[in-house]
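**Student:** Sequence:
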Amino acid sequence: MNPHAKLITTLSLFLGTTITISSNHWVMAWTGLEINTLAIIPLISKSHHPRAIEAAIKYFLVQAAASALVLFSSMTNAWYTGQWDLTQLTHPTSCLLLTAAIAMKLGLVPFHFWFPEVLQGSSLTTALLLSTVMKFPPITILFMTSHSLNPTLLTTMALASAALGGWMGLNQTQIRKILAFSSISHLGWMAIIIVYNPKLTLLTFYLYSLMTTTVFITLNTTKTMTLSTMMISWTKTPMLNATLMLTLLSLAGLPPLTGFLPKWLTIQELTKQEMTTVATVISMLSLLGLFFYLRLAYYSTITLPPNSTNHMKQWHINKSTNVLTAIVASLSILLLPLSPMILTTI
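Residue numbers (UniProt numbering): 1 to 346.
It should be emphasised that the hints constitute simulated quantities derived from the structure, not laboratory data.
Simulated restraints on C-beta separations:
#: 1; residue 1: L324; residue 2: L7; range: 13 to 23 Å
#: 2; residue 1: T344; residue 2: L96; range: 34 to 44 Å
#: 3; residue 1: M284; residue 2: L153; range: 14 to 24 Å
#: 4; residue 1: L96; residue 2: K272; range: 24 to 34 Å
Glycine residues also receive a C-beta, built at the ideal position from the N, C-alpha and C atoms.
All chains should be modelled from the sequences, with the hints used to inform the complete structure.
**Tutor:** Set out below in structure tokens:
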């Protein structure tokens with residue numbers, strides 16, 4: 001990709017995100033979302049592979065429909081209340097339309113179909129952007145309108161996302177699709193608590209982004225795309241693969257790793273809201289995700305391939321692991337002891 005084009009798309013991504021998260025007016029928030037969508041499309045389709053072009057078209061159509069719904073929702077609210085302020089979303093129909101639009105933008109069930117396909121058609125770096133940076137503006141809009149949203153609808157969508165993300169990830173062999181369903185499952189945990197404790201949703205998103213960044217950077221370093229190549233990637237960078245195993249277990253939410261913190265706090269908050277049944281159900285559904293994370297962790301470090309593969313055995317990568325990988329990997333694994341300090345901020 002041309003360096004100038006890459007610079008423009010990257011700057012546009014940051015500009016779109018900044019406009020959305022700092023705006024109070026619906027039209028400005030919508031403008032930021034549109035800039036974001038248009039900026040990421042060249043990055044998805046840059047390989048010119050038919051699957052990449054298909055992913056870019058799917059992404060564009062879904063995001064355009066979601067943006068139209070956001071605009072329609074804000075216009076309906078302005079028509080009835082005369083308010084264009086983001087925090088003044090009070091009309092019930094507008095609230096439902098906005099929930100549907102943001103669910104479509106994020107990939108929450110039942111609007112999730114596009115997300116695994118788009119991730120599978122993208123490179124690992126673009127898939128990382130789609131899983132983290134591109135989800136930040138819609139989550140910010142949810143955060144700012146959380147007091148107006150329908151709790152029952154969000155709880156239903158959250159439980160469905162956690163269930164489907166777990167079930168669909170079980171039989172996948174492509175790592176990008178597994179991480180897409182992992183993202184859908186984590187979005188369920190974020191959506192279920194947004195009405196009751198919006199700051200906790202943001203904390204969950206930040207920690208999820210941190211752990212996902214570590215996983216994608218590691219996979220990009222070892223050039224791992226499928227489970228079969230993951231089995232023999234340990235010969236390239238043994239220490240990095242050991243770190244990947246711990247990060248995957250952290251994503252699964254196992255103590256004493258970082259990923260346990262958001263799950264623990266979410267269950268605690270749901271219990272405070274007397275939603276013990278919902279907390280139990282979503283905890284049980286997270287076991288589905290635990291299974292495929294354990295399978296990934298097992299393949300990444302613990303086992304040799306049981307049968308002969310078509311891949312040549314790789315030897316160590318000469319280049320050393322960069323500082324960014326070391327920092328995000330450490331944070332992805334070791335943040336739980338700092339939880340009292342983190343809790344003072346939410």
